[in-house]
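Residues 1 to 511 (the working numbering) are what the sequence shown spells out, left to right.
The hints are simulated quantities; they were obtained by calculation from the structure and are not laboratory data. The beta carbon of each residue, even a glycine, is placed where N, CA and C say it ideally should be. Fair warning: there could be bad hints in the mix.
[As the list claims (entries may be wrong)] Between beta-carbon pairs, the in silico distance windows are:
hint, residue 1, residue 2, range
1, Ala434, Lys471, 25 to 31 Å
2, Thr207, Gly128, 23 to 29 Å
3, Val378, Lys505, 48 to 54 Å
4, Arg377, Gln493, 36 to 42 Å
5, Thr421, Tyr338, 22 to 28 Å
6, Gly480, Pro317, 31 to 37 Å
7, Ser379, Gly418, 47 to 53 Å
8, Gly480, Ser379, 35 to 41 Å
[Unchecked claim] Calculated pairs, SDA-like style, for lysine to any residue (alpha carbon to alpha carbon, straight line, at most 25 Å):
hint, residue 1, residue 2
9, Lys256, Pro340
10, Lys479, Glu506
11, Lys500, Gly166
12, Lys270, Gln248
13, Lys159, Thr499
14, Lys450, Leu438
15, Lys270, Met70
16, Lys505, Thr102
17, Lys330, Ala446
18, Lys270, Gln286
19, Lys266, Asp350
20, Lys266, Tyr320
21, Lys159, Lys479
22, Lys330, Phe261
23, Lys266, Gly368
24, Lys343, Val441
25, Lys266, Arg341
26, Lys479, Tyr96
27, Lys343, Asn380
28, Lys256, Leu268
29, Lys343, Lys450
30, Lys343, Ile399
31, Lys479, Trp469
32, Lys500, Thr510
33, Lys343, Pro267
34, Lys270, Gln294
35, Lys353, Phe335
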Amino acid sequence: MKNKILYLATLAFGVQLLGSCKKELDVNTQERITLDNYYKTPADAFAGLVAVYDRFGFQAGGLYDKVAIMDAACDDQLAGGGGPSDINDLQVISNYTLNANTGPQGYLWSKGYSGIFRANTLLAKIDGITMDAALKSRYVAETKTLRAIFYFDLVRFFKNIPLIGGTVDPSNLYNVLQSAPADVYAYIEKDLTEAIPSLPATVPAATEGGRITKGAAQALLGKVYLWQKKYQQAADQFAIVNGSTPGQANAAYGYKLITNFADLWKPLNKFNSESILEIVHSANSQGNWNDAAQGEGNLLSIISGPRGYSQIAATAPDYYSGYSFLVFTKEFFDFIHYDPRNKPTVANLDSLKANKIANYSPGYNNTGYFLEKFAARVSNKTTVGTNYDLNFPQDIYEIRLADTYLLEAEALMNTNVGVGTGSRAYNLLNAVRARVGLEPVAVTQANIEKERRLELAGEGHRWLDLVRWGKAATVLASKGFIAGRHEIFPIPQSELNNTKIEQNKEWGGTK
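Could you build all of it, start to finish, from the sequences and the hints given here?
Below you can see the structure in the form of structure tokens.
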């Protein structure tokens, strides 16, 4: 989605929750497009919708996104970078020294609530726009699904959060109260169940790739149920997404595991049959270092690449030099080493250097094992302008089919249905394994956990899985994780100052 559309839509919005985006207020009053004179036409409604999608894919000016945060926090990766304070927000979540003033939580809070503000504004205004009824219903459904995504992240990361279902008068902005997590989850479920009937089953990839579909909303609803341990409801939603026969195409939505695991990570293989929802990136936005967050390139690609990379042999990969963040640990490399997903997941620079195939400069926390899935390559750099670093085009899967296969298998295992050989849970788990040539295994919690770790490494799932399984404190103890505290993030101090929002008890507060 082009920046010129995003900027047009952004002009329609004034205040965001508390301190999230105050700089959007800094406009000449004679030029300002206000809520009173905007939202008159279908084009205005679409621009407002694009602005909500913009928050879904928003990357921090500090050069990271949600995936980078989750990767740095998990046991399989280290923050890396150029030194112990390089992108400090990633360092402090990786070693668990974050606090209310320091860490990536400000980005997560701002991203979520700015998205909710935009969603609420569009939902409040769209009824007054004369436009095709079916199209209006679709816009409303997409907006509610995006709002559900924002709230789902916020309630998992911060637990006790403000639940805002409409626009907030600026005079009441600092009086917003928090709601119980159960109320937030109920609100998310309501948004999604209302949205699903009006969403399309499929969209044309060439013109609408990246937009919300029925399957995306149902997969999200399944995740929301699973997080709350509503296993049967979760399994029911995932079954709709996964289709009647695991390993075969879903007749309604077309979802199917792609044959070659490595093809998932080809930058131009966007909106493939395994993709349920992805964050769209582009090589053509001419993003630059003056305002990296406003670009549309994939920042994960550049920050996770090896520093000072150079090819020695003609057979060396054409990696583009990056900043050596999010390196895999030696323990994880040993864990995945003999799995067929090893090479598409881990770029083994240690081996390339030892064999004089390529060279690189070791960074902080260096292990020699880099994130291959999102590796920036010279062959994929932009052909528009000269700012190559911030304009890599690879999309990021928010939800893909292998993820929902494994989640349905887990949900079924926790119900009263059988999970033995030939059962649906067995076929789901082993369809993921069969794709990479592995033999079937029994459906057990240990096997599902192992498969998710191997299949989804580096995609931002591991930390959330560990918290959901109640295993984060044990697995992450060596990184500094404290049980009863680090399962959630501290609410940013800037959101507590002069407001009625209270810090969570886990972080020394009263909530």
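Hint check:
no.: 1; hint: Ala434 with Lys471: 25 to 31 Å; in the structure: holds (27 Å)
no.: 2; hint: Thr207 with Gly128: 23 to 29 Å; in the structure: holds (27 Å)
no.: 3; hint: Val378 with Lys505: 48 to 54 Å; in the structure: holds (50 Å)
no.: 4; hint: Arg377 with Gln493: 36 to 42 Å; in the structure: holds (40 Å)
no.: 5; hint: Thr421 with Tyr338: 22 to 28 Å; in the structure: holds (25 Å)
no.: 6; hint: Gly480 with Pro317: 31 to 37 Å; in the structure: holds (34 Å)
no.: 7; hint: Ser379 with Gly418: 47 to 53 Å; in the structure: holds (49 Å)
no.: 8; hint: Gly480 with Ser379: 35 to 41 Å; in the structure: holds (39 Å)
no.: 9; hint: Lys256 with Pro340; in the structure: holds (20 Å)
no.: 10; hint: Lys479 with Glu506; in the structure: holds (18 Å)
no.: 11; hint: Lys500 with Gly166; in the structure: holds (18 Å)
no.: 12; hint: Lys270 with Gln248; in the structure: holds (20 Å)
no.: 13; hint: Lys159 with Thr499; in the structure: holds (18 Å)
no.: 14; hint: Lys450 with Leu438; in the structure: holds (13 Å)
no.: 15; hint: Lys270 with Met70; in the structure: holds (23 Å)
no.: 16; hint: Lys505 with Thr102; in the structure: holds (18 Å)
no.: 17; hint: Lys330 with Ala446; in the structure: holds (21 Å)
no.: 18; hint: Lys270 with Gln286; in the structure: holds (20 Å)
no.: 19; hint: Lys266 with Asp350; in the structure: holds (23 Å)
no.: 20; hint: Lys266 with Tyr320; in the structure: holds (15 Å)
no.: 21; hint: Lys159 with Lys479; in the structure: holds (22 Å)
no.: 22; hint: Lys330 with Phe261; in the structure: holds (23 Å)
no.: 23; hint: Lys266 with Gly368; in the structure: holds (22 Å)
no.: 24; hint: Lys343 with Val441; in the structure: holds (22 Å)
no.: 25; hint: Lys266 with Arg341; in the structure: holds (14 Å)
no.: 26; hint: Lys479 with Tyr96; in the structure: holds (7 Å)
no.: 27; hint: Lys343 with Asn380; in the structure: holds (19 Å)
no.: 28; hint: Lys256 with Leu268; in the structure: holds (18 Å)
no.: 29; hint: Lys343 with Lys450; in the structure: holds (18 Å)
no.: 30; hint: Lys343 with Ile399; in the structure: holds (22 Å)
no.: 31; hint: Lys479 with Trp469; in the structure: holds (18 Å)
no.: 32; hint: Lys500 with Thr510; in the structure: holds (12 Å)
no.: 33; hint: Lys343 with Pro267; in the structure: holds (16 Å)
no.: 34; hint: Lys270 with Gln294; in the structure: holds (21 Å)
no.: 35; hint: Lys353 with Phe335; in the structure: holds (21 Å)
Checked against the numbered hints above, the structure breaks none of them.
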